[in-house]
Amino acid sequence: MKKEIMILKKYIKLAIFILLTSNILYAQQIDKILFMTENYPPYNFKNNNKMEGIAVELLLEMLKKVNAKQTRKDILLIPWQRGYHYTLTKNNHALFSTTRTKEREKLFKWVGPISKTSVGLIAKKSKKIKIKNISQISKYSVGVVREDIGEQLILKLDIQPKYVRSIGGSDASNKLILMLQRNRFDLLAYEINVIKWAMKKNNFILSNYENIYTLKDAELYYAFHKDTPDETIKLLQSALDSIKKEGLFKKILNQDKFTR
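Under our numbering, the sequence shown is numbered contiguously, ending at residue 678.
The hints are simulated quantities; they were obtained by calculation from the structure and are not laboratory data. None of these values were measured; they are calculated from a predicted model. Hints are not guaranteed to be accurate.
What the hints assert, rightly or not - Restricting the straight-line Cα-Cα distance to at most 35 Å, the calculated cross-link-like pairs of lysine-lysine (DSBU-like) are:
hint, residue 1, residue 2
1, Lys614, Lys668
2, Lys491, Lys524
3, Lys593, Lys619
4, Lys491, Lys548
5, Lys668, Lys468
6, Lys618, Lys546
7, Lys491, Lys543
8, Lys668, Lys482
9, Lys580, Lys548
10, Lys450, Lys546
11, Lys542, Lys663
12, Lys675, Lys464
13, Lys464, Lys634
14, Lys580, Lys487
15, Lys542, Lys652
16, Lys450, Lys668
17, Lys542, Lys508
18, Lys634, Lys450
19, Lys652, Lys550
20, Lys593, Lys524
21, Lys580, Lys634
22, Lys668, Lys520
23, Lys546, Lys634
24, Lys491, Lys663
25, Lys574, Lys482
26, Lys614, Lys634
27, Lys662, Lys614
28, Lys652, Lys534
29, Lys668, Lys619
30, Lys542, Lys464
31, Lys508, Lys524
32, Lys450, Lys652
33, Lys593, Lys550
34, Lys668, Lys618
35, Lys580, Lys520
Turn these sequences into a full structure, and let the hints steer you where they fit.
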């Protein structure tokens, strides 16, 4: 009996050793990943030369949980269209916060969700634009960010707008709202919370603008190159799930700096 117990203990120790070794190897794999993001507050943004935001803080907690060595300084701020292209084409690249859709599902591997998201058509109230059916969009011009979910939703419509103005580069949300203010287009198609944040930051009067049509309700995720090992994805997903169960995620969401 004692011999059997000793053998069982050896097997348990071996199993623990294998598990710990595997986790170390997966953590080393995660350290090879370049995490990229854009200015997309309150989810991710640069403040005083430091990356902040709900998705940034959540990612840092996930990395800590899996014993990865990456820090805030390792997160790269990059124009959305470039980060999207890299994550599509280069292994060991990840992009956030990315709206998970049916069209994108097989293009990436996913960890999340980070948050619910809503993409809408924003207009000046003074223009009194009403859209009850999306086919009415043919009367209007629309501003979008290149490769953003707003652009993708607009371009797949059966009936296209009068014209689409596609914006690239950094600080795209700020560019969009300034162009809307200056009547460069009638509508902008973008994430509603991000636009509200940008408008408040730029001292816009929010009551002068409105979401006249919701294009899509979805969820934001971390998107990884499709060749990222499943074990890496499972490890990060498990870390995220654990953070949510522990209540840490709610604390991040409720921080004053993210509830502008």
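Regarding the pair Lys662 and Lys614, is the alpha-carbon distance no greater than 35 Å? Given pair Lys662, Lys614 holds - Cα atoms ~26 Å apart, limit 35 Å.
What's the verdict on Lys668 and Lys618, does the C-alpha distance respect the 35 Å limit or exceed it? 23 Å, holds
Within 35 Å, alpha carbon to alpha carbon, are Lys652 and Lys534? 21 Å, holds
CA of Lys580 to CA of Lys548, is that 35 Å or under? 16 Å, holds
Distance restraint between Lys508 and Lys524, which requires alpha-carbon spacing of 35 Å or less: 15 Å, holds
Please work out if Lys618 and Lys546 have their alpha carbons no farther apart than 35 Å. Given that 35 Å is the threshold and the Cα spacing comes to 22 Å, the pair holds.
Is the straight-line distance between the alpha-carbon of Lys580 and that of Lys487 35 Å or less? 49 Å, violated
Take the C-alpha atoms of Lys593 and Lys524, compute the straight-line distance between them, and say whether it is at most 35 Å. Within the cut-off at roughly 31 Å; holds.
Does Lys652 lie within 35 Å of Lys450 when you go C-alpha to C-alpha? Roughly 16 Å between the alpha carbons, so the hint for Lys450 and Lys652 holds.
Holds or violated: Lys464 and Lys634, Cα atoms, limit 35 Å. Between Lys464 and Lys634 the Cα gap is close to 26 Å, so the pair holds against 35 Å.
Starting from Lys450, check that the Cα of Lys546 is at most 35 Å away, please. 51 Å, violated
Under the criterion that the straight-line Cα-Cα distance not exceed 35 Å, is the pair Lys491, Lys524 satisfied? 30 Å, holds
Checked against the numbered hints above, the structure breaks hints 4, 7, 10, 11, 14, 15, 17, 19 and 25 and satisfies the rest.
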